[in-house]
Amino acid sequence: MKNAINPLGCTNLKLRQLNRMVTRHYDRHVAEAGLKNTQYALLSHVVRLGPIRPGELARHMQMDASTLTRNLQPLAAQGLLAVGAGSDARSRFVEATEAGIAKRVEGQRAWKVAQTALNGRLGIDRVCALHELLDACIACMDEEAEAEAEAEDMP
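Just so we're aligned: 479 in my numbering is position 146 of the sequence shown, and the numbers increase by one with no gaps anywhere.
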């Protein structure tokens, strides 16, 4: 029986469990393109937004700058991304190479198969409801982060 007043269990644990399961699902498919799910996501963001400063890319992807740096390295080593100097000595830009753009196209085909399979497994109505709920939760959490940042800026 559901508890209508309070959620049962730890939300963080439930989200992490689902995240691991969904990540494994996508990883199985995207591996056919020689990528991990995280690499495909990073490559896709750079193709779509780049050339882009690493800090801006980290914000778009909701990740720490140090995590982004670790994730950029293998893609740069494979020649899929180029990290170059920006407009001054302290800035850098990340952009996809021609090989990176081609790999992203290959990864996108695998991702589409993964997405279609997940939609079939969960049901399109459930996936749409999940997206709506996740988007609303992300918006709430962004508002919380903004309020915390504003509070830190106050004297």
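Just so you know, not all the hints are guaranteed correct.
Straight-line distance between alpha carbons at most 30 Å, and here's what the computed DSS-like set of lysine-lysine pairs gives [stated by the list, open to error]:
| id | residue 1 | residue 2 |
| --- | --- | --- |
| 1 | K369 | K445 |
| 2 | K369 | K347 |
| 3 | K347 | K445 |
None of these hints come from the bench; they were simulated from the model.
Results of checking the hints against the structure:
1. K369 with K445: Since the Cα atoms of K369 and K445 sit roughly 15 Å apart, the hinted pair holds (cutoff 30 Å).
2. K369 with K347: Holds - the C-alpha atoms of K347 and K369 are around 23 Å apart, at most 30 Å.
3. K347 with K445: 25 Å, holds
Every hint, counting from the list given before, is met by this structure.
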